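Asker: So the chains spell out like this:
There are 2 protein chains.
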Amino acid sequence: MESRDELPVPPPALFPAREIRLRLDDLLTRELADMNERVARGPVMPDADMKLFRARLAEFDFAAPRPVEPLLEWAMAQLEHGVVHMNNPRYFGLFNPAANFPSQCADRIAGAFNPQLASSGSSPVPVAIEGHVIRAIAVRAGLPAESSGHFTTNGSEANYTSLVCALTRLEPRFGEHGVRAFSGPVAMYTSRECQPAWFKIVHQAGVGRAALRLIGTDSRGQMDSQALAEAIARDQAQGIVPVLISATAGTTGGGMVDPLAACASIARRHGIWYHVDAAWGGAALCSDRLRPLLSGIELADSVTIDAHKWFATTMGCGMFITRQPSVLSEAFRVAADFMPSSASNLDPYLTSVQWSRRFMGLRLFLSLAAAGWQGYGAHVERAVEVIARIRQRLSKHGWLTINDSQLAVLCMVPPDGFPPIREIVRQVLASGRAWVAATTFAGREVLRICATHGETTLADIDELVAALQAAR
Amino acid sequence: MESRDELPVPPPALFPAREIRLRLDDLLTRELADMNERVARGPVMPDADMKLFRARLAEFDFAAPRPVEPLLEWAMAQLEHGVVHMNNPRYFGLFNPAANFPSQCADRIAGAFNPQLASSGSSPVPVAIEGHVIRAIAVRAGLPAESSGHFTTNGSEANYTSLVCALTRLEPRFGEHGVRAFSGPVAMYTSRECQPAWFKIVHQAGVGRAALRLIGTDSRGQMDSQALAEAIARDQAQGIVPVLISATAGTTGGGMVDPLAACASIARRHGIWYHVDAAWGGAALCSDRLRPLLSGIELADSVTIDAHKWFATTMGCGMFITRQPSVLSEAFRVAADFMPSSASNLDPYLTSVQWSRRFMGLRLFLSLAAAGWQGYGAHVERAVEVIARIRQRLSKHGWLTINDSQLAVLCMVPPDGFPPIREIVRQVLASGRAWVAATTFAGREVLRICATHGETTLADIDELVAALQAAR
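Going line by line, the protein sequences match chains D and E. For any residue, its number in the working numbering is found by taking its place in the first sequence, counting from 1, and adding 4. For any residue, its number in the working numbering is found by taking its place in the second sequence, counting from 1, and adding 4.
Simulated from the structure, these hints should not be mistaken for laboratory data. Mixed in with the good hints, there may be bad ones.
As the list makes no split between identical chains, a pair holds if one copy fits it or if it spans any two.
Cross-link-like lysine to aspartate or glutamate pairs, in silico, DMTMM-like; alpha carbons within 25 Å at most [claimed, not checked]:
(1) K400 <-> E385
(2) K400 <-> D9
(3) K55 <-> E150
From a predicted model like this one, the values you see are computed outputs, not experimental measurements.
All chains should be modelled from the sequences, with the hints used to inform the complete structure.
Answerer: Structural data, given as structure tokens:
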């Protein structure tokens, strides 16, 4: 029997009518703008009573529907009191930006269309846009025009992808038989100042944590290329197979750039895959003035750059770029007869660890199209200038600069009379006036300050300095 | 010398004034709502001239800034003509949903605050919200209350995580020495109807593609548990180490559920990690009526569920859930002294492959809070009803049902007089009237129809049937 009965009404909570959507979107537009202004003036640190919050959260048993509008209000209020605020211009933090506006627009557009970025058959225009941006960044870095790559969730994923590429290219039987196909244990090399996701990456790639060689750094926090060459020779003498060198262009701790060209030479001499982790520092390529600091990046087999760091897009917008796209096709090949375009070997699902994916690349495309290289150049140069002003002010108060970065990270130690660094940081965070970090740089406990907010003012700098001096 | 000169003005393209942001957000609100209505009435398939589009795209050399408003207009217009439309209610497609409204709101809120989800120190409220949703889903699946997990970019990442957990738990030296620590080659087991990302996963995890055992299915497309047990015994006899069984709850091709309890018994008997890939089917847990179809999922060591599939959130919102959270802490441990809360071993960056991450979980939290289990139950039951209606209509026209899914995927073959399935699909797609797929199910070429859009009507079903019949 064929039923002509009407289908059940779709749940209005999930699919409300147009008028309701317009009203709630308008509400978000205004309340988020107001929030942004309050957050910029308010404390950087969260002040939520987490015990109380957890009790409220526990009441969400999802037993019955709740009206959407109060839910949105509740969520915004909880976030306003429940996160470290990257939107506060006195967040001098961990490479997390206040998101630029074009990238927020891109997110809205991507969410509304909700395209599936796995394949060009499903998303021809989005896949083309992403490819265009990736190539533009590659060419800006000096890589050959036939370079390619893809957007990743983050820098960890891009760095992991470089290791998979290295293993795949160096041992033809790796794809079929895995790490056991190598003649001995493998090893990869990065500096002790590297982003520590590498500890997880060697574990999850099946080569093991023992494969990670943390090469020492010189007094400036840059990978010691002599020590790198020696470590490789030592491993080779013992039957260990070197597969990957990852140099860092913009270390987390000190904003330092490893000797990119020297590392490239060593990699080439030994036939090792050469990766440059420019997750944060890569944006310096936009500035004609700062770009030479990354000289040598054009020699890389692959590069990590996160748009959600210094390009200031919303979170979750990394990039993996490679001069050897055929290795991606070899590493991530698969046959799926239900996919719209499995014929092409350039589809994102055939060239990356991802399958279902959001249209992330629109964020960088719209931001870059709106600002141009010059706008982004001004953005990164301004951050470097913010750091220079902070250094000037603190130096006047007797603080000593420990790192020698020409990017936007500053490591300093206070003069006599101050408590230990971690106590200074504790006091500054407790005041809510600014966010700074304690870290270890070149074997020494330092105060770490990074310019991440695009609209930090002189008044914000004064406030930071006052907050630090108050810890004396 | 201390400089008191004003800092350069931040690039207005990236950080426009409040009035401009309000105006552009209002523009997006209205134009995206209009777009949504046009897309629902229009063709499902893209109609962009890609050669022309690529030529336009090539003009974006980013040499100079461009005004944001025309850029947004351009991007929306290109997307409207340049993607397969999940927002069209006649997309009977690959588990890609029309995004529900609360999840789109969640994306806006997350983008505006742009919290860093790596750590609870940085994002105490977001990390607590994500943990609450994960536990609620775990408990709904019948897993113990101490289960935990995290949001992932997609199901591939969650499935990959299950393999890393399996390897880490089974061989204590795996973390340090990788796959070579096992006494022999390892193997994992899933059915030949599995999501094919597993081919990439075994490659990138360093165990190699040869480790993947695709177990045959019975006539209903469900993993043959007898064949599974035999494959394991055969491998063990040869010194191969079985590490993981992944059963699928809602196969891509036929919407079938593997025998979850039988697979669990086999895994337990051999001490193998037991994973259930319920990327799509997991949403059936919301319905009291459909939930029993997933019986046995409560025996899993880990589960994949994608909110961006049947939960209809925006793209990029997967989940990995495990009854053994300590294995996650062992697999993804790292020490990073600059992180705000490396003391806690429950932070997302210490328990997942991710580091920097977007606040993805807010999408499912707000959707689930708004709809409740009952709203989501109605949503999935409605999809099953849509498929029942399509089956009725096509059966009347002599089409034969090939699969026996009680979820929302239908595999059918036409009566005599029709061209081959792929030709039918080609004609339907060319008409733009609906989107369906050709695939192989149980060794046979079939037409695959899946209800993915929450607001498909009887008229849409009639249109689909007419488009298919027109191919005769």
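Asker: All hints, please: hold or fail.
Answerer: Here's how the hints hold up against the structure:
no., hint, in the structure
1, K400 <-> E385, "within (23 Å within a copy, 69 Å between copies)"
2, K400 <-> D9, "between (80 Å within a copy, 17 Å between copies)"
3, K55 <-> E150, "between (54 Å within a copy, 19 Å between copies)"
Checked against the numbered hints above, the structure violates none of them.
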